[in-house]
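S.K.: Protein chains in written order, with the working numbering: chain A, 1 to 365; chain B, 1 to 444.
FYI, nobody ran anything at the bench for these hints, they're computed from the structure. Don't take every hint at face value.
Claimed, not checked - Calculated lysine-lysine pairs in the DSSO-like style (CA-CA distance at most 30 Å, straight line):
hint : chain 1 : residue 1 : chain 2 : residue 2
1    : A       : Lys116    : A       : Lys192
2    : B       : Lys163    : A       : Lys348
3    : A       : Lys247    : A       : Lys195
4    : A       : Lys304    : A       : Lys271
5    : A       : Lys348    : B       : Lys76
6    : B       : Lys25     : B       : Lys76
7    : B       : Lys176    : B       : Lys151
8    : B       : Lys25     : B       : Lys46
9    : A       : Lys271    : A       : Lys227
10   : A       : Lys304    : B       : Lys211
11   : A       : Lys271    : B       : Lys415
12   : A       : Lys141    : A       : Lys116
13   : A       : Lys227    : A       : Lys132
14   : A       : Lys267    : B       : Lys46
15   : A       : Lys267    : A       : Lys304
16   : A       : Lys141    : A       : Lys304
17   : B       : Lys163    : B       : Lys211
18   : A       : Lys304    : A       : Lys116
19   : B       : Lys163    : A       : Lys227
20   : B       : Lys76     : B       : Lys49
21   : B       : Lys151    : B       : Lys211
22   : B       : Lys371    : A       : Lys141
23   : B       : Lys46     : A       : Lys141
24   : A       : Lys132    : A       : Lys116
25   : B       : Lys151    : B       : Lys163
26   : A       : Lys116    : B       : Lys49
27   : B       : Lys76     : B       : Lys46
28   : A       : Lys227    : A       : Lys195
29   : B       : Lys151    : A       : Lys132
30   : B       : Lys211    : B       : Lys176
31   : A       : Lys267    : B       : Lys415
32   : B       : Lys25     : A       : Lys116
33   : B       : Lys46     : A       : Lys116
34   : B       : Lys371    : B       : Lys396
35   : A       : Lys195    : A       : Lys132
36   : A       : Lys227    : B       : Lys211
37   : A       : Lys132    : B       : Lys49
38   : B       : Lys163    : B       : Lys46
39   : B       : Lys415    : B       : Lys371
40   : A       : Lys348    : A       : Lys192
Predicted model only: the values in this text are computed from it and were never measured.
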Amino acid sequence: MSANGAVRRSECAMSPEKAVFLFSPGRSTEGAHAPSDGAATKRGPNFSQTADAPCPARSAIIPSMASLRETLARTRTSIFSRVQTLLGQADITNDTWDELEALLLQADVGAATSTKLLERLRERTRAEAILKADALRTALKEELVRLLEPAGAAAPLDYRATRMLEVMLIIGVNGAGKTTSIAKLSRLYTDKGRKVLLAAGDTFRAAAIDQLQIWGERAGIDVIAGKMNSDPGAVVFNAIQAAFARKSDLLIIDTAGRLHTKHNLMKELEKIRNVLQRNVHGAPHQTLLVVDAANGQNAIAQAKGFAAAVGVTGAVLTKLDGTPKGGVAFAIVSELGIPIHYIGTGEKIDDLERFDAHTFVDGLF
Amino acid sequence: MFEGLSDRLQSIFDRLGKRGFLTEKDVDEALREVRMALLEADVNFKVVKDFLVRVRERAIGAEVHKSLSPGQAVIKIVHEELLSTLGEGGHLDLGGAPPHVIMLVGLQGSGKTSTAAKLALRLRGAGRRPLLVAADTYRPAAIAQLEQLGKQLSIPVYSEGDKVSPPDICAHALAKAVSGAHDVVILDTAGRLQIDDAMMREVEEVKRRTKPQEVLLVADSMTGQEAVNIADAFNKRMQLTGLILTKIDGDARGGAAISMRAVTGVPIKFLAAGEKPDAFEQFHPDRLASRILGMGDVLTLIEKAQAQFDEVEAAKTAEKMLSARFDLEDFLGQMRQLRKMGPLGDLLGMIPGMKDALKGVAPEATERQFKRLEAMICSMTRQERHHPDLLNASRKRRVAAGSGTTVQELNQMLKQFRDAQEMMKKLSNNPRMRMMGGLMRGKR
Ligand SMILES: Nc1nc2c(ncn2[C@@H]2O[C@H](COP(=O)(O)OP(=O)(O)OP(=O)(O)O)[C@@H](O)[C@H]2O)c(=O)[nH]1
Ligand SMILES: Nc1nc2c(ncn2[C@@H]2O[C@H](COP(=O)(O)OP(=O)(O)O)[C@@H](O)[C@H]2O)c(=O)[nH]1
Ligand SMILES: [Mg+2]
Ligand SMILES: [Mg+2]
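Please model the complete structure; the sequences and the hints are all you need to start from.
M.R.: Encoded structure:
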């Protein structure tokens, strides 16, 4: 691993500006992690809990495990019918509200957003004299759809008929689905007649470059790549030059997954953005945050962190082919004003769809 | 967003005043906050419901110990119940005749391949001879990923490309392990959704043919409500022997761990805390419980500090930090500890909310830079160290000359110090930090 790569990845290194005095540029990965390494050795290589484990022995584990399992099974199979009956012709009761709350919570809408939503809904039931559960359902859907429509949001790129080079920067936490989404996006835009070029900006994860290159081959799209552990900023710079030389009109940049809490990795992202800003007019034209729909409330923190570091123009919600509901999208859109542009619905290159608020809300019920 | 549960409970009980017993009304009010906290931490809402029933039973009428406030009393019960739900951390069961097979399963992108490498590294450290098996024939470059990791760590990887079926690859790997005298075989399978029946049947087949001793579900700590369904489905089909929670180095509260544990009853065996192969930890229920409750990874912090910090010193620094009486002597002391202990950012970053405060301030001192700092501070009088404002131009010249540095360097150091001081002030306004100070003091 090159010293360069190591420093960028040493997760507690500092921003050079602030750390003039004590910054250590040449520190190796091993060095940077020596302390935790030491601690691990100290805990002993055996795989049992250490004797000095801070917690006393506990006996009975989970009393109601079996019943929990049953409930879950029942929940899964019956959400739909339950909601139907729940919000049928019946009058609105306390149970109605409880069940609605459960529905929202179960979809990862989150306690805070759910509470707000239900309050709003209660106001409406009073103001509009809503008495029946089915009217309540319509109202809830309206509220949910409304949350998904941020004011003044950027539209996705695909209707621009420009021949100028446009750049899309793809960011997100580890394993969210960035590279796969890039493959899908490049297919989508190629089909729309654009000349796409890809940049293998993840120079950190093992075989991340190979992964993008394989997708490139499959889709028949060129990939500009550097060496493993090389500076992603340099890869991006080269890709820009290549895009100009080849007269590409859409450059999509893959980046290494990073947790939004890692200061130096977010700085690295800023550097990549700066390279784009300096070299392409108006770039990055889109900065898309890729979010795993199975994520819970942490996705809000992710969106905040990435938006604060480099700005986010839109999001791609992936893995919606599973059972997760992606309810955290409501907070991301309504609180942070980040629109969802696309959803990922599988591992194949065509498994990408435009986000549609109504379909998405229907999916919750 | 979500504030530490202890703060929120405290404010409720401050209102209620101090009483000897917890009344039903007290408890219910407190439990509403607990519920919010657990939900915001992504604990499954059904699991939360069950959990609160248990806490309520224990809490109502419970006597509040003299030394505790009612808020603390509720936290204690909640914390204990959380611990019993999380259970003891499990360990790998590698008894019997080798080769032992460890199979990793989970959703796409959860961290299986990285975890395979981490496990292999750890096992080799424990004197084993692991063989990694590339059984993800689906994701582009998945095999190359494992091969590269194996190469980095000098741990052999068995692969047959992506044209052979995963059950065949795994069975062949087992034979290879026997002939190559590998005593542990780690199977890295492709990510799959628990509702994908064909793919689930494939891992069942791998299991049938390799008879793994350990079937570990690798799950992302950022997972939401779905965690129960994922864990339940994998457990039903694979009879899991353990859970591994990944990406715990972020700021996810990790409530999914409770959900998965509650629904499967299977122990959590390890935590993955970074992208590098050595970022792999034993699971400590205490720490995760604190984290889920939003009390920071206080215990991890304390343990890590204690490993190398003199306890008294640590408590003193903590107190200083809190009272914002942080002077150059403390700064030097802190730098000395840091040198022994690794970056402060790493340490304090475990407390939620602290990371922002630390941004750009926590320094990693190189040897040379540290020596310079030490020389400068040691060239000052005691008074100057306690009251850096005394350092006027002539004093600065004296200190610089005495330490073989320049006034410019001295100014730079002082700026660094003031940044640190500023940070300490910020921290001292942070209630979590106050709690940590309390804990550190209480530890002796
Ligand atoms: N920050 C952090 N990143 C991790 C951790 N574990 C894995 N990762 C990263 O998460 C991403 C996915 O990890 P992989 O090990 O490839 O996950 P996987 O489950 O094998 O993924 P698939 O094979 O694609 O299903 C990579 O970018 C890893 O570097 C962890 O504990 N912390
Ligand atoms: N089921 C499903 N899997 C996906 C989807 N998008 C990505 N994946 C898988 O998630 C894993 C991580 O994706 P990858 O693109 O490598 O993520 P990155 O680390 O963010 O670049 C891979 O196994 C992908 O095949 C999706 O929409 N649905
Ligand atoms: Mg990638
Ligand atoms: Mg993998």
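S.K.: State for each hint whether it applies.
M.R.: Structure-based check of all given hints:
1. A:Lys116 to A:Lys192: violated (40 Å)
2. B:Lys163 to A:Lys348: holds (18 Å)
3. A:Lys247 to A:Lys195: Status holds; Cα separation ~8 Å.
4. A:Lys304 to A:Lys271: This hinted pair holds, its Cα atoms lying about 19 Å apart.
5. A:Lys348 to B:Lys76: Since the Cα atoms of A:Lys348 and B:Lys76 sit roughly 49 Å apart, the hinted pair is violated (cutoff 30 Å).
6. B:Lys25 to B:Lys76: holds (18 Å)
7. B:Lys176 to B:Lys151: holds (18 Å)
8. B:Lys25 to B:Lys46: holds (23 Å)
9. A:Lys271 to A:Lys227: The given pair, whose Cα atoms are some 18 Å apart, holds under the 30 Å limit.
10. A:Lys304 to B:Lys211: violated (45 Å)
11. A:Lys271 to B:Lys415: Within the cut-off at roughly 26 Å; holds.
12. A:Lys141 to A:Lys116: holds (14 Å)
13. A:Lys227 to A:Lys132: violated (63 Å)
14. A:Lys267 to B:Lys46: Given that 30 Å is the threshold and the Cα spacing comes to 40 Å, the pair is violated.
15. A:Lys267 to A:Lys304: Holds. A:Lys267 to A:Lys304 sits at ~15 Å (cutoff 30 Å).
16. A:Lys141 to A:Lys304: holds (26 Å)
17. B:Lys163 to B:Lys211: holds (23 Å)
18. A:Lys304 to A:Lys116: With Cα atoms ~20 Å apart, A:Lys304 and A:Lys116 stay inside 30 Å; holds.
19. B:Lys163 to A:Lys227: With Cα atoms ~27 Å apart, B:Lys163 and A:Lys227 stay inside 30 Å; holds.
20. B:Lys76 to B:Lys49: holds (18 Å)
21. B:Lys151 to B:Lys211: holds (27 Å)
22. B:Lys371 to A:Lys141: violated (64 Å)
23. B:Lys46 to A:Lys141: This hinted pair holds, its Cα atoms lying about 23 Å apart.
24. A:Lys132 to A:Lys116: holds (21 Å)
25. B:Lys151 to B:Lys163: Holds. B:Lys151 to B:Lys163 sits at ~22 Å (cutoff 30 Å).
26. A:Lys116 to B:Lys49: Holds, at roughly 20 Å.
27. B:Lys76 to B:Lys46: Given pair B:Lys76, B:Lys46 holds - Cα atoms ~22 Å apart, limit 30 Å.
28. A:Lys227 to A:Lys195: Holds, at roughly 25 Å.
29. B:Lys151 to A:Lys132: violated (65 Å)
30. B:Lys211 to B:Lys176: This hinted pair holds, its Cα atoms lying about 15 Å apart.
31. A:Lys267 to B:Lys415: holds (22 Å)
32. B:Lys25 to A:Lys116: holds (24 Å)
33. B:Lys46 to A:Lys116: holds (21 Å)
34. B:Lys371 to B:Lys396: With a Cα-Cα distance of about 18 Å, the restraint between B:Lys371 and B:Lys396 holds, given a limit of 30 Å.
35. A:Lys195 to A:Lys132: violated (54 Å)
36. A:Lys227 to B:Lys211: violated (40 Å)
37. A:Lys132 to B:Lys49: Judged against 30 Å, a Cα distance of about 27 Å means the pair holds.
38. B:Lys163 to B:Lys46: violated (43 Å)
39. B:Lys415 to B:Lys371: Within the cut-off at roughly 17 Å; holds.
40. A:Lys348 to A:Lys192: Judged against 30 Å, a Cα distance of about 18 Å means the pair holds.
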